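If you read the sequences in order, they're chains A and B.
Counted from 1, the first sequence has number 106 at position 106 by the working numbering; the numbering is strictly sequential.
Counted from 1, the second sequence has number 23 at position 23 by the working numbering; the numbering is strictly sequential.
What the hints contain is simulated information worked out from the structure, not anything from laboratory work.
Each hint should be verified, as a subset may be incorrect.
Said to hold, decoys possible - Here are the simulated EDC-like pairs of lysine to aspartate or glutamate, each with C-alpha atoms no more than 16 Å apart in a straight line:
1. A/18 with B/59
2. A/101 with B/290
3. A/53 with B/59
4. B/146 with B/179
Just so you know, these numbers come straight off a predicted model, no measurement behind them.
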Amino acid sequence: MKEQVVCKTTDIDPGEMKATNFGKQNVLVCRTLDGEFYAFLNQCTHQGAPLDKGIMCGATIDTSKPGEYHYRRNGEIIRCPWHGREFDIKNEGRMLANPEKKLPNYKVRVEDEDVIVYK
Amino acid sequence: MAKNQIRLVDTDIHERVQYKDILEYLDEPFKHYIENCHWIQEKHMPYTQPAVAGVDRADAILPDGRPAGSDLGFMQEQLLDEIGHEYGILTSALDPSPSSMHGWYEMAIALASAYNNWQIKEWLEKDDRLYGSVHIAAQDPKAAVKEIERVGSHPKMVQVLLPIDDIMWGDPFYHPIFEAAEKHHLMIGMHHNEPPIYYGKWPRYFIEWHTLIPTAHIKQITNMVFNGVFDKFPNLGLMMIEGGFTWVPHIMWKMDQQYRDLRHEVPWLKRKPSDIFKKQIRVTTQPAEELTKQEFMSLIEQMGTDEILCFSTDYPHWDYDSPTRALPNMDPELKQKIFADNAKAFYPKLP
Ligand code: FES
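Pulled out of the complex, with its shape left as it was, chain A reads as follows (with noise of 0.2 Å):
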């Protein structure tokens, strides 16, 4: 199994992100608001674009009735830098307006003051 440490847990503050190197990949490390750690690869499954340039926020969520507003889930929601689609971090990364799709992802685990991403 092929693990690595990607950075100290020092480096990402909670609600926010970091793109690392796993071996050769590009690997987005996530934190969410609650201190866990999650990681994807760095690129959007639509057109490829870096998501550590996109923002972790919340999303307005699909059980409203129209014309109503629920923003809940800050800091759990990537939305990508390009065309803003939102990727859900603690449901394995899957496109909130399809969940079918989602982003390919890896296991993180963290041991001391290390986060380590594996496969």
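Fit chain B with the ligand to the supplied structure of chain A, relying on the hints for placement.
Quick look at chain B with the ligand alone, frame taken from chain A:
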């Protein structure tokens, strides 16, 4: 990113001016009105939030915070060098858009001249790959013709830019503009500004507006074809920018069918509309819907020619199309046409 084997001719790149950059090119008293009296062009769009950085690609904002598209060096690095462009056609941002201004034509005329001078000096003469669009204040056709006469012969100006907004450009009132363009071997480039696609108003949501932009392109084409622009100016070409392309077969069929029934009303039309389209109208690809190769090839077949589509990125806007990802795979000969040769054949001044 690997370089494309085909060197791209990108038919829609948005350079952006900031008012402070244009001041030195602007005559008085207009400079005074901007510098001292805080004039800005009126704005209409009620929703500027579609993507992460508004209407721009978030990674195209300059590191120092200046707006996307406002710095040649950054554009070279992020777009022209990265992709390996052969040529790119500049189509400006919306502000200023002299032909979209309501009223105060004198300011519009002054802005158009200043913008052209700025574009030539700061972009066209600084990068061999970039070609430009002549800005005019079309509401005053006499002044517009004067501006085309003034800068239209610049070797790197390839088209006259008209906004798709709330004016139908086929009206004979604007024909002097087409005459002047044709005389200088300039094509007409039409790009949507903020067209009121919703019966003269704005729809409730951006997603509705953005979905319906091609209807504004369809309206302009219908208007120009039936007003006889292409018969009157047989060497004039029209590039329809940023409306996508899946609507093209529909409007060709629709106009042809109507022409067979209603020709008597427009006896100046000498060719059927789809023939006019094939010969004189070109369409940029962005924003491309996600099509399979089969769907894409079927559309080309329905158009009856593979010479209409010209690839465009729309850099640096949020709905940018990647040259390597936006369209399905296609045969090398077709790709060569769509990514380069169709645009080269269309613009007489492009080498
Ligand atoms: S490239 Fe990410 S949304 Fe299009």
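Here is what the structure says about each hint:
The hinted pair formed by residue 18 of chain A and residue 59 of chain B meets the criterion: a straight-line CA distance of about 14 Å does not exceed 16 Å. Restraint check: the Cα-Cα separation between residue 101 of chain A and residue 290 of chain B comes to about 14 Å, which is no more than 16 Å; the hinted pair holds. Taken as a hint, the residue 53 of chain A and residue 59 of chain B pair is honoured in the structure, with Cα atoms around 6 Å apart against an allowance of 16 Å. For the hint linking residue 146 of chain B to residue 179 of chain B, the alpha-carbon distance of about 12 Å falls within 16 Å, and the restraint holds.
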